[in-house]
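J.: The hints should help you fit chain P onto chain R, whose structure is shown.
The lines below spell out each chain.
There are 2 protein chains.
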Amino acid sequence: MDPGLTRCGVGVVEGVAGRPLTMIGVGVVRTPADADLGSRLVAIEQGIEQWLDEHRPECVAVERVFSQHNVRTVMGTAQASAVALLCASRRGIPVALHTPSEVKAAVTGSGRADKAQVGAMVTRLLRLGAPPKPADAADALALAICHIWRAPAQNRLQQAVALHTSKGRTA
Amino acid sequence: MDPGLTRCGVGVVEGVAGRPLTMIGVGVVRTPADADLGSRLVAIEQGIEQWLDEHRPECVAVERVFSQHNVRTVMGTAQASAVALLCASRRGIPVALHTPSEVKAAVTGSGRADKAQVGAMVTRLLRLGAPPKPADAADALALAICHIWRAPAQNRLQQAVALHTSKGRTA
Numbered sequence: 005m006d007p008g009l010t011r012c013g014v015g016v017v018e019g020v021a022g023r024p025l026t027m028i029g030v031g032v033v034r035t036p037a038d039a040d041l042g043s044r045l046v047a048i049e050q051g052i053e054q055w056l057d058e059h060r061p062e063c064v065a066v067e068r069v070f071s072q073h074n075v076r077t078v079m080g081t082a083q084a085s086a087v088a089l090l091c092a093s094r095r096g097i098p099v100a101l102h103t104p105s106e107v108k109a110a111v112t113g114s115g116r117a118d119k120a121q122v123g124a125m126v127t128r129l130l131r132l133g134a135p136p137k138p139a140d141a142a143d144a145l146a147l148a149i150c151h152i153w154r155a156p157a158q159n160r161l162q163q164a165v166a167l168h169t170s171k172g173r174t175a
Numbered sequence: 005m006d007p008g009l010t011r012c013g014v015g016v017v018e019g020v021a022g023r024p025l026t027m028i029g030v031g032v033v034r035t036p037a038d039a040d041l042g043s044r045l046v047a048i049e050q051g052i053e054q055w056l057d058e059h060r061p062e063c064v065a066v067e068r069v070f071s072q073h074n075v076r077t078v079m080g081t082a083q084a085s086a087v088a089l090l091c092a093s094r095r096g097i098p099v100a101l102h103t104p105s106e107v108k109a110a111v112t113g114s115g116r117a118d119k120a121q122v123g124a125m126v127t128r129l130l131r132l133g134a135p136p137k138p139a140d141a142a143d144a145l146a147l148a149i150c151h152i153w154r155a156p157a158q159n160r161l162q163q164a165v166a167l168h169t170s171k172g173r174t175a
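Line by line, the protein sequences give chains R and P. Be aware that the first sequence starts at 5, since it is given in our numbering, and climbs by one per residue. Be aware that the second sequence starts at 5, since it is given in our numbering, and climbs by one per residue.
FYI, nobody ran anything at the bench for these hints, they're computed from the structure. Where a beta carbon is used, it is the ideal one built from N, C-alpha and C, also for glycine. Mixed in with the good hints, there may be bad ones.
With beta-carbon atoms standing in for the labels, derived distance ranges [stated by the list, open to error]:
| hint | chain 1 | residue 1 | chain 2 | residue 2 | range |
| --- | --- | --- | --- | --- | --- |
| 1 | R | 22 | P | 97 | 42 to 52 Å |
| 2 | P | 38 | R | 103 | 19 to 29 Å |
| 3 | P | 155 | R | 24 | 55 to 65 Å |
| 4 | R | 115 | P | 26 | 49 to 59 Å |
| 5 | P | 50 | R | 138 | 26 to 36 Å |
| 6 | P | 116 | R | 70 | 26 to 36 Å |
| 7 | P | 116 | R | 22 | 43 to 53 Å |
| 8 | R | 59 | P | 36 | 25 to 35 Å |
| 9 | R | 18 | P | 164 | 55 to 65 Å |
| 10 | R | 131 | P | 119 | 57 to 67 Å |
| 11 | R | 24 | P | 70 | 38 to 48 Å |
| 12 | R | 77 | P | 138 | 30 to 40 Å |
| 13 | P | 10 | R | 95 | 22 to 32 Å |
| 14 | P | 155 | R | 164 | 49 to 59 Å |
Residues from chain P that keep clear of chain R, each with C-beta distances beyond 12 Å, as calculated [what the hints assert, rightly or not]:
| hint | residue |
| --- | --- |
| 15 | 94 |
| 16 | 116 |
| 17 | 117 |
| 18 | 120 |
| 19 | 153 |
| 20 | 154 |
So that you can see chain R by itself, here it is in the shape it has in the complex (with noise of 0.2 Å):
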């Protein structure tokens, strides 16, 4: 997830590393600019709780906040975030979050790369026909794909693997 009061992009993505991923579902939850604070939240919290009630994820990975960027808008993060946060950790669901800088690094190989390289890289590894539209959504599936990659330990599907192949090989 990549949390935001306007736009929350939503990617679920299923595999382990080193095989193939496949892009399970994509969106961004929004919320009207001209609400008052708390019914966005709750408005966020409604969209999340959808996603995970249809998905029924293993893990959640959210974007860390930083505060390099304006200040408003970080607030609005920080908020969003807590929402997703919250969601996940109340189903008991772990959470990882990792920075903008991790994502790009994982996916592009660059911590510096732009929205349009992401993009293209999300949309190669994920063999989608176009990158996906808008940048929070192509964002959210490059965060599910960096965790993939980055935490093989909280990846149970990723653990059943591991074992079943040194299975094989000890066999």
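T.: This is chain P only, laid out in the frame that chain R set:
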């Protein structure tokens, strides 16, 4: 509510502007600094839900987060405040935000008053035996007082009293 990841101050005050106010409850929702962020947000949600269940406030005032403090603290405060806003808004309770200087100005007459001054005025205005501890608890009460004084239009009890008074006058 004075939001924070480590300590969330909660104060419940009853009354209308121009009349003595009554403290109904005060306390702090704490979360362990060594817990992961998601678990802390879940614990804050549970703590706030208990307060809302018990007191069923007609309005919730939350301190507006500013970024003048250090960045790490502000992120946590923004995230804790998101949970407070979410809990209240989800129940349809009107939420108001007041800045720290608005709160200080309301209860002490100066937007730059220190914690001791705020604590002393809260003690006096609510006719308490001693200043509430910790400071987050006193700050939450100050915020509630500020809200009652600043936002008569949002206070149904206040409206009822105003209506009654005006009826009395016109009778």
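J.: State for each hint whether it applies.
T.: Hints versus structure:
1. R/22 / P/97: 42 to 52 Å: For residue 22 of chain R and residue 97 of chain P the Cβ distance comes to about 50 Å; the hint holds.
2. P/38 / R/103: 19 to 29 Å: holds (21 Å)
3. P/155 / R/24: 55 to 65 Å: Since residue 155 of chain P and residue 24 of chain R have Cβ atoms about 57 Å apart, the given range 55 to 65 Å holds.
4. R/115 / P/26: 49 to 59 Å: At roughly 56 Å between Cβ atoms, residue 26 of chain P and residue 115 of chain R fall inside 49 to 59 Å, so the hint holds.
5. P/50 / R/138: 26 to 36 Å: holds (35 Å)
6. P/116 / R/70: 26 to 36 Å: Holds - the Cβ-Cβ distance for residue 116 of chain P and residue 70 of chain R, about 30 Å, lies within 26 to 36 Å.
7. P/116 / R/22: 43 to 53 Å: violated (59 Å)
8. R/59 / P/36: 25 to 35 Å: The hinted range 25 to 35 Å holds for residue 59 of chain R and residue 36 of chain P, with Cβ atoms some 31 Å apart.
9. R/18 / P/164: 55 to 65 Å: Since the Cβ atoms of residue 18 of chain R and residue 164 of chain P sit about 57 Å apart, the hinted range of 55 to 65 Å holds.
10. R/131 / P/119: 57 to 67 Å: With Cβ atoms ~58 Å apart, the hint holds.
11. R/24 / P/70: 38 to 48 Å: holds (47 Å)
12. R/77 / P/138: 30 to 40 Å: holds (32 Å)
13. P/10 / R/95: 22 to 32 Å: With Cβ atoms ~24 Å apart, the hint holds.
14. P/155 / R/164: 49 to 59 Å: holds (56 Å)
15. 94: violated (5 Å)
16. 116: holds (21 Å)
17. 117: Check passes; 24 Å lies beyond 12 Å.
18. 120: holds (29 Å)
19. 153: The claim stands: residue 153 of chain P keeps its Cβ more than 12 Å from every Cβ of chain R (closest is about 21 Å).
20. 154: At roughly 17 Å from the nearest Cβ of chain R, residue 154 of chain P sits farther out than 12 Å, so the non-interface label holds.
Hint check: violations occur at hints 7 and 15; the rest are consistent with the structure.
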